[in-house]
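**Student:** Next come the chains, spelled out residue by residue.
There are 2 protein chains.
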Amino acid sequence: MPTVHIMNAYDQELKFLASRIASMGGLAERMVDESVKALVHHDPALARKVIADDVLLDEGQREIDDKAIVIIARRQPMADDLREIIGAIRISSDLERVGDLGKNIAKRVLSILETPQPVRLSRGLEALAQLALVQLKEVLDCYATSSVERIGTVRDRDDDIDAMYTSLFRELLTYMMEDPRNIAACTHLLFCAKNIERIGDHATNIAETVHYIITGVQMPLDRPKEDKSHRVVLSGE
Amino acid sequence: MPTVHIMNAYDQELKFLASRIASMGGLAERMVDESVKALVHHDPALARKVIADDVLLDEGQREIDDKAIVIIARRQPMADDLREIIGAIRISSDLERVGDLGKNIAKRVLSILETPQPVRLSRGLEALAQLALVQLKEVLDCYATSSVERIGTVRDRDDDIDAMYTSLFRELLTYMMEDPRNIAACTHLLFCAKNIERIGDHATNIAETVHYIITGVQMPLDRPKEDKSHRVVLSGE
Numbered sequence: 001m002p003t004v005h006i007m008n009a010y011d012q013e014l015k016f017l018a019s020r021i022a023s024m025g026g027l028a029e030r031m032v033d034e035s036v037k038a039l040v041h042h043d044p045a046l047a048r049k050v051i052a053d054d055v056l057l058d059e060g061q062r063e064i065d066d067k068a069i070v071i072i073a074r075r076q077p078m079a080d081d082l083r084e085i086i087g088a089i090r091i092s093s094d095l096e097r098v099g100d101l102g103k104n105i106a107k108r109v110l111s112i113l114e115t116p117q118p119v120r121l122s123r124g125l126e127a128l129a130q131l132a133l134v135q136l137k138e139v140l141d142c143y144a145t146s147s148v149e150r151i152g153t154v155r156d157r158d159d160d161i162d163a164m165y166t167s168l169f170r171e172l173l174t175y176m177m178e179d180p181r182n183i184a185a186c187t188h189l190l191f192c193a194k195n196i197e198r199i200g201d202h203a204t205n206i207a208e209t210v211h212y213i214i215t216g217v218q219m220p221l222d223r224p225k226e227d228k229s230h231r232v233v234l235s236g237e
Numbered sequence: 001m002p003t004v005h006i007m008n009a010y011d012q013e014l015k016f017l018a019s020r021i022a023s024m025g026g027l028a029e030r031m032v033d034e035s036v037k038a039l040v041h042h043d044p045a046l047a048r049k050v051i052a053d054d055v056l057l058d059e060g061q062r063e064i065d066d067k068a069i070v071i072i073a074r075r076q077p078m079a080d081d082l083r084e085i086i087g088a089i090r091i092s093s094d095l096e097r098v099g100d101l102g103k104n105i106a107k108r109v110l111s112i113l114e115t116p117q118p119v120r121l122s123r124g125l126e127a128l129a130q131l132a133l134v135q136l137k138e139v140l141d142c143y144a145t146s147s148v149e150r151i152g153t154v155r156d157r158d159d160d161i162d163a164m165y166t167s168l169f170r171e172l173l174t175y176m177m178e179d180p181r182n183i184a185a186c187t188h189l190l191f192c193a194k195n196i197e198r199i200g201d202h203a204t205n206i207a208e209t210v211h212y213i214i215t216g217v218q219m220p221l222d223r224p225k226e227d228k229s230h231r232v233v234l235s236g237e
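Protein chains in written order, with UniProt numbering: chain A, 1 to 237; chain B, 1 to 237.
Honestly, the hints are just simulated from the structure, not real lab data. Incorrect hints may appear among the rest.
Identical copies look the same in the list; a pair holds intra-copy or inter-copy alike.
[Said to hold, decoys possible] Straight-line Cα separation of at most 30 Å, DSSO-like style, residue types lysine-lysine; simulated pairs:
1. Lys37 x Lys15
2. Lys15 x Lys228
3. Lys67 x Lys228
4. Lys137 x Lys15
5. Lys137 x Lys37
6. Lys37 x Lys67
7. Lys67 x Lys49
8. Lys228 x Lys37
9. Lys228 x Lys49
10. Lys15 x Lys67
11. Lys49 x Lys37
12. Lys137 x Lys49
Build out the structure end to end from the sequences listed, making use of the hints.
**Tutor:** Structure, rendered in structure tokens:
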């Protein structure tokens, strides 16, 4: 009987990590979504809310880190559980970074709203964010349901985000060249777009971690986490 | 006697992690240094070398991850050693990201070299990179020597990098406004500068991890890892 009791407490500890990851994931998604909504709807109050929320993710990450180490030290888990615990540490670190990126978008939104900006561009950013958020949602869903089947597809779809980002990058450069008054706002939009592209990279990292937790094997290194915007050369045409 | 033998093997495993981190750190520093040298000296071959080197850091990170999990599962370490092992996982992840950032700079250098660019700007980038590299070197030194005394100073000095980055950001925007032909190259330089600023953030992360390894306590959350460039509003003046 005591053994069963201990097992249950241990299971509960593991479940705590998973549910904390789920709540961090939900918050990170909301922050990114709201930061882009703040841009599209010219809503500085919403941007400020996103900036304030970020501390919750920092706390979440630290809580998971501390808890994970206590669980390992106390329970001395075997390989499967160990992968799950180390995986939780990794995923929470990715989610904390996603929150940072959302916060950075929100901060830039406050600057962008002080200058005129082409509406079409914030729409482009919104579409890019939707892609990244679907990606993040699916990968967190794979984590919550321990399903490895869709992981490869999710990871491969990061290419779509990269392609849309590179095209937005080109469009923003063109606007800057057309009218120097667009330069400051478009530069912030460029960085917002880059942040969203990086959120896609973090979703990819999480996909790889989930794959590792479930299968015990690292995914092959063939997926380069890189957009193609570094190739853009326009030299003022 | 067997106990002593086992202890030694275990110590050797821990030492392996530390020495692998040291070699990853050396490589990451070199990649960043060489990527900026490639820019300053117009050296596409050096940029391509940096791009090729990145896979070595990816392999290093995976090796440390795998090894760390094997050590935890086999040795069931107590809290101190556990922090060291989890710390190695975290630091190697930061170093892998530093390598990615160096590779991204190198890729942008290949595009930048195709267009004319103001020399002064690449010098500014070089100075920024030197600050970030000193930061990274010192924090890796703290890790190698387990010395916690300088950690706070190292972390605080990240402010200098942020300030220099923000000033470079402004300067680059001004160049873009002066002459639209500078826009594409300057945008790549902006992202290079941002990458270097992020390398400083990773050095800060590593400082926090080293502090945690040595003291068992997380550093206070009061250090915002943010530059101030998001506040720059120039609207074409």
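**Student:** Indicate which option fits the pair Lys67, Lys228 if close means a Cα-Cα distance not exceeding 30 Å: within, between, both or neither.
**Tutor:** neither (39 Å within a copy, 33 Å between copies)
**Student:** Can you tell me if Lys137 and Lys15 fall within 30 Å by alpha carbon in one copy, between copies, both or neither?
**Tutor:** within (19 Å within a copy, 39 Å between copies)
**Student:** As a check of your reading, is Lys228 near Lys49 (CA-CA no more than 30 Å) within one copy, between copies, both or neither?
**Tutor:** Answer is between; shortest inter-copy Cα gap is 19 Å, intra-copy 33 Å.
**Student:** At most 30 Å between alpha carbons: which applies to Lys15 and Lys228, within, between, both or neither?
**Tutor:** neither (39 Å within a copy, 39 Å between copies)
**Student:** How would you classify Lys49 and Lys37 at a CA-CA limit of 30 Å: within, between, both, or neither?
**Tutor:** Classified as within; 12 Å inside a copy, 42 Å across copies.
**Student:** Indicate which option fits the pair Lys37, Lys67 if close means a Cα-Cα distance not exceeding 30 Å: within, between, both or neither.
**Tutor:** Answer is neither: 34 Å inside a copy and 43 Å across each miss the 30 Å cutoff.
**Student:** Indicate which option fits the pair Lys37, Lys15 if close means a Cα-Cα distance not exceeding 30 Å: within, between, both or neither.
**Tutor:** neither (33 Å within a copy, 49 Å between copies)
**Student:** Tell me, please, which holds for Lys15 and Lys67 at an alpha-carbon limit of 30 Å: within, between, both or neither?
**Tutor:** both (12 Å within a copy, 25 Å between copies)
**Student:** Give the relationship of Lys137 and Lys37 under a CA distance limit of 30 Å: within one copy only, between copies only, both, or neither.
**Tutor:** Cα proximity of Lys137 and Lys37: one copy only (18 Å, versus 40 Å across).
**Student:** Check Lys137 against Lys49 for me: Cα-Cα at most 30 Å, and say if that holds within a copy, between copies, both or neither.
**Tutor:** within (21 Å within a copy, 37 Å between copies)
**Student:** My question is about Lys67 and Lys49: at a cut-off of 30 Å on alpha-carbon distance, are they close within one copy, between copies, both, or neither?
**Tutor:** within (28 Å within a copy, 42 Å between copies)
**Student:** Is it within a copy, between copies, both, or neither that the alpha carbon of Lys228 lies no farther than 30 Å from that of Lys37?
**Tutor:** both (26 Å within a copy, 22 Å between copies)
Hint compliance for this structure: hints 1, 2, 3 and 6 are broken, all remaining hints hold.
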